[in-house]
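If you read the sequences in order, they're chains A and U. FYI, our numbering numbers position 48 of the first sequence as 48, with every residue one higher than the one before it. Quick note, our numbering runs 1000 ahead of the 1-based positions in the second sequence.
Some clues are possibly wrong.
Here are some, though not all, of the chain U residues that point toward chain A, as calculated from beta-carbon distances under 10 Å [unchecked claim]:
| # | residue |
| --- | --- |
| 1 | Gln-1037 |
| 2 | Asp-1042 |
| 3 | Pro-1043 |
| 4 | Ser-1055 |
| 5 | Phe-1069 |
| 6 | Tyr-1072 |
| 7 | Ser-1086 |
| 8 | Leu-1088 |
| 9 | Ala-1092 |
| 10 | Ala-1102 |
| 11 | Phe-1103 |
| 12 | Gly-1105 |
| 13 | Gln-1106 |
| 14 | Gly-1107 |
| 15 | Arg-1109 |
| 16 | Thr-1111 |
Simulated from the structure, these hints should not be mistaken for lab results. Even glycine gets a Cβ: it sits at the ideal position worked out from N, Cα and C.
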Amino acid sequence: AQKITQTQPGMFVQEKEAVTLDCTYDTSDPSYGLFWYKQPSSGEMIFLIYQGSYDQQNATEGRYSLNFQKARKSANLVISASQLGDSAMYFCAMREGDTGFQKLVFGTGTRLLVSP
Amino acid sequence: AAGVIQSPRHLIKEKRETATLKCYPIPRHDTVYWYQQGPGQDPQFLISFYEKMQSDKGSIPDRFSAQQFSDYHSELNMSSLELGDSALYFCASSLEGGLGMAFFGQGTRLTVV
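Chain U extracted, bound-state conformation (with noise of 0.2 Å):
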């Protein structure tokens, strides 16, 4: 079956730079989430997306912005990048009216040196 698809799988880049993660979510799927897990943290929720809509915002920094596309695919773009930013980005989508049970993708490995 077809999962979540994130892409890259791993980045690196350099301080003050910028970042695009994408996420595709499981076909039919409407609402997709962002999550950043720092090491040895807890995922923390970061932003959702309902029907190409913000549905919650959680952590994000003002410095982070995303966007759920036509096709239901998500981008997050993180701009002026930090050391901190260093993370596992995790993309999970979820079908509304459902049970609410969300899938993860396997992740972006966010480097920033």
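Looking at chain A on its own, in the form it has when it is part of the complex (with noise of 0.2 Å):
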């Protein structure tokens, strides 16, 4: 089974609108924690946000807001205020266990395309 699932292949939004690109994910660890990383065409891979399985807010950071819903297993992106810069593309990941040396499991990634 997909430990990370992202349906969206690819998603459209205009520039200053917010978008929200899904994520699922399955794990039957209790201690997990969940990523997004963003990939401009250059390659890299830069991270964004980050949420722990204990954490009882949402995390933010920026103009990134990251949507957890524990019972659904579902850790949506929220990027608000869309910018062309944001075109790229999107891999949500997770890491099992508590430790810092899990390795991540990345989702198949949802290419954002940003227009004026």
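Hints in hand, dock the two standalone chains.
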């Protein structure tokens, strides 16, 4: 079974609008971490936001927020006030376990295109 | 702030040649991970090291080997290269005991011709 599922291969949004990128996950481990990364066409993998399974509040980082619904096992990324520079591939990833050296499992990604 | 440094950024090799990719983690990070991202694919975990010892192993071919050195930098050695090894290779580092946030380098794009 897929551990991370991103059902949107591509998303379009107009500049200045908000967009939600979906991510659902599957794990039986009570301790886990969820990550979102941005990969522009240049290829680098840029860390955006992190949510721990025991965190009580949704994570926020500037224009990025993570809508964490534990019971539904979803961790959607919300980008507010989209900018042209947000056009990129976005990956949701999960780390299982509570130690620092657990590998990440990635979803298949969502390509976001921001139009003027 | 210092980030994860990977070298080289681009590498072109012929089939059956060998390649060595280097990774310099963020200072004080003690864990290094290697990922392979094929064209249009999501990154796949290859191998990780904690305190210079292998901590986990993923779908790494036997033709590949890696190690972490005393200064915590890591090298991924790839032998008998195949066309299918063409990919973006990422190194990431983290601090054990932290939140497990892994920060990635800019990647090495390997092209096998």
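Do the hints match the structure? See the list:
Interface restraint check: Gln-1037 of chain U against chain A, minimum CB-CB distance 8 Å, threshold 10 Å, status holds. Because the smallest distance between the Cβ of Asp-1042 of chain U and any Cβ of chain A comes to about 4 Å, under 10 Å, the interface hint for this residue holds. Proximity of Pro-1043 of chain U to chain A holds as hinted, the smallest CB-CB distance being about 5 Å (cut-off 10 Å). Of the supplied interface hints, the one on Ser-1055 of chain U holds, with its beta-carbon coming within about 5 Å of a beta-carbon of chain A, less than 10 Å.
Interface hint at Phe-1069 of chain U: violated, since its Cβ lies 17 Å from the closest Cβ of chain A, which is beyond the 10 Å cut-off. This hint is violated: Tyr-1072 of chain U has a C-beta 13 Å from the nearest C-beta of chain A, more than the 10 Å allowed. Because the closest C-beta pair between Ser-1086 of chain U and chain A is about 13 Å apart, greater than 10 Å, the hint is violated. A cut of 10 Å between beta carbons decides the hint on Leu-1088 of chain U: the least distance to chain A is about 6 Å, and the hint holds.
Satisfaction of the interface hint for Ala-1092 of chain U is found here, the shortest Cβ-Cβ separation to chain A being roughly 8 Å, below the 10 Å cut-off. Using the Cβ-Cβ criterion of 10 Å, the hint placing Ala-1102 of chain U at the interface with chain A is satisfied: the shortest such distance is roughly 6 Å. Given hint, Phe-1103 of chain U at the interface with chain A, holds; its Cβ is 6 Å from that chain's nearest Cβ, closer than 10 Å. For Gly-1105 of chain U, the shortest C-beta to C-beta distance to chain A is roughly 8 Å, which falls under 10 Å, so the interface hint holds.
The interface hint given for Gln-1106 of chain U is met, as the beta carbon of that residue sits about 4 Å from the closest beta carbon of chain A, less than 10 Å. Taking 10 Å as the C-beta contact cut-off toward chain A, the hint placing Gly-1107 of chain U at the interface holds, the least distance being around 5 Å. Because the closest C-beta pair between Arg-1109 of chain U and chain A is about 7 Å apart, less than 10 Å, the hint holds. Contact between Thr-1111 of chain U and chain A, as hinted, is not supported at the beta carbon level, the nearest pair being about 13 Å apart and thus beyond 10 Å.
Going through the hint list in order, the structure does not satisfy hints 5, 6, 7 and 16.
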